[in-house]
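Participant: Model the full structure from these sequences, guided by the hints.
2 protein chains.
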Amino acid sequence: MSPADDYTALASSPASAAILTALVTSGPQSRVSLARKLGLSSAAVTKSARPLIDAGYLSELDATERTGPGAGRPASPLTVRADREFFVGVKLTGDELIGVVCDLTAKIRAVAHRPLPSAAVDDVLAEITALTGELLDGPDDYRGRTRRLGLAVSGDVDRASGLVRYSPFLRWHNVLLGKLAAAATGLVVTVENDVKALTTAEHWFGEGAGADSFALVTVGQGIGCGLVVNGRPVSGSHGVAGEIGHLSVDAAGPDCHCGGRGCVEAIAGTSAIVAAAGTGGIDDAVARARAGDPTVTAVFARAGEAIGLGIAAVANLVGPAHIVVSGEGLSAYDLFEPHIRAGFERQAFGAAADCPLSIRPLPFEEWARGAAAVSIQSRLVPLG
Amino acid sequence: MSPADDYTALASSPASAAILTALVTSGPQSRVSLARKLGLSSAAVTKSARPLIDAGYLSELDATERTGPGAGRPASPLTVRADREFFVGVKLTGDELIGVVCDLTAKIRAVAHRPLPSAAVDDVLAEITALTGELLDGPDDYRGRTRRLGLAVSGDVDRASGLVRYSPFLRWHNVLLGKLAAAATGLVVTVENDVKALTTAEHWFGEGAGADSFALVTVGQGIGCGLVVNGRPVSGSHGVAGEIGHLSVDAAGPDCHCGGRGCVEAIAGTSAIVAAAGTGGIDDAVARARAGDPTVTAVFARAGEAIGLGIAAVANLVGPAHIVVSGEGLSAYDLFEPHIRAGFERQAFGAAADCPLSIRPLPFEEWARGAAAVSIQSRLVPLG
DNA sequence: AATCAATACTTGACGAAGTTAATTAATACT
DNA sequence: AGTATTAATTAACTTCGTCAAGTATTGATT
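If you read the sequences in order, they're chains A and B.
If you're matching positions, the first sequence starts at 1 in our numbering and goes up one per residue.
If you're matching positions, the second sequence starts at 1 in our numbering and goes up one per residue.
FYI, nobody ran anything at the bench for these hints, they're computed from the structure.
There are no misleading hints in this set.
Since the list gives no way to pick out one identical chain from another, each pair is judged satisfied if it fits inside one copy or across any two copies.
Cross-link-like lysine to any residue pairs, in silico, SDA-like; alpha carbons within 25 Å at most:
| no. | residue 1 | residue 2 |
| --- | --- | --- |
| 1 | K37 | P14 |
| 2 | K107 | R360 |
| 3 | K179 | D95 |
| 4 | K37 | G239 |
| 5 | K179 | E127 |
| 6 | K37 | S161 |
| 7 | K179 | T93 |
Facilitator: Here is the structure:
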């Protein structure tokens, strides 16, 4: 395999893309079960898998697990060789870089943080390069088996061109981050919106693995949502999608900076909670709520319910198979969770209420893992 | 072409399906422009189009329109031969059947109505057969060129198997309508949910033609919504999708029969309007509002705004390229329209507000046309 | 132990559906 | 008339799948 192949996806045909996707999202499987699941002949699986095995990306598992009713040749399931290649993922925030090294199954192998004293493009590129070096040239030497870097940025990002159209926290406009970072690091770079990246990670490697439709809701400063429908991410024709934070759930609710009224974010965003609780900061609000202050407890209850209503709206409109709720705001998980569920259950229509809801806090490295997941995906299959 | 071919789709390959879809949704085009748009070689278009021309489904237009800068061989655009085949569409309501004959471009050629004195399955089948006969064996003799019948039913429908799982107005449970109607009429039958059928019609033959994502909102007894995302209809993993009527937009709003509170439908559904206006019926309410009764005018204003908020939720979450608002409720179009727009514009986030909104009343035959559109689609391309 | 049935996988011939490159067709401009 | 330009077709080839036949590896039966 020539170095130039690093720039193209590993899968050269629809079949091999489907095989890689199924193995990554659903774990080791025999060729026959892959064929059944993907609607292919087993001959096609054999043929498509061969070059992937030869290149070291797949391998055969020992035929320990018997599948059938006993008789017959045992299957030798195919599996992804996790340590065949490594990927760097970096999440950019306004004041910090969070970096991880992941293997092919998006398992985090190394973590590093780095403050970001300046948001000037050149400074950020220098810090990305330094962080990448720190991760790759550290005690475990990943350098030789790492060709790709994923970046996750909040804001308006064009993944195909690696362009950051607008990023509020970095105050960037139209920065060709992909090309610049590729030049600075010598790696193949993908750039994606942070929520979409996290959605990809959960859809491929997390609880949403293999689901045909899936939603990820992030709770924090803002309330965001990534959507996967019919197996494909939703981007929105006008560049807007998943704006769950600006659904209006209360006609008498507070005005929102977006011009709307009663937005979920204007009730349940971090600053809205702080304002409503009349406390100094979110940590203070959490502490007072945990101490039992009824005013502040009510603020969290109202916020949780608003989020639940927003999630119910997602369930009613697109009907995802699974919804994961997460984000830095869920460090106060215990204060939110029952009210999110209450709001959801009240407003989810009919069978939409059957949609399983996973509500859990999210380690901050997960955002960087999301960036790596996009990079892994781009390595395995064309586009996304 | 043997009779058995009537059961399979006309398109035998992805390329021919793409060509038919493009010609139906975007009108006559040269082979070269089709190739560019679809990412195919022009040789592939030539080859795929040939059998469709031979079978009489496509034909070449006279090269009247010049395309290029003047020089060069003029294009002879391909076009769908609308009268090659006809399709019957029937919409089933609780007390009436509405039937149409459409040509291949979904243009309505004939219309017929028929009361439905009984909702017993056998009686409905007899009426469908009679209506179909009336349409096909009438003054224009469509019988010889019609092989397919589309049925549209409100409720829970499995298109693939032609099963009506549950239909509230007909009080049906698990009726294999597709097989039964095929046996009764001798036609190839498709069965689809009425809102989805109407969405298909607008997405293929109406204002949403060719859009990658599209939403149709119906206003009437209930408030419904059909969604197309990434070019494919959204069905919902748990069978629920597009339930815009049960988004909660007012925390202090009325309780809804669904168990929720402040649902769009509980504010803007026909019976909610009648109840809030304190009038005898919807016609009465419309009359009083048109006469300037401030109470009733306010009821319509509030209803319109609630619908607008629901539409904004769709725009914020999935970002369709175009939204069509229609339905029998929009016979009172003038009372709703400005308030729908006001609600939408207030709550649409950022670029979502750029989404064009078409608000217009809908002739009742359009529902039957929707049923025919599904049938046409099933004739042209596999699945949907 | 030998055979058989069951299941997994591989192989090679074939076919469907696309590609590229060369050719033919039809027009406008000089 | 000759040439540039664009459209469409044709023929040779490539790719990627299927099908059908065979091989591989096990448990059960005789």
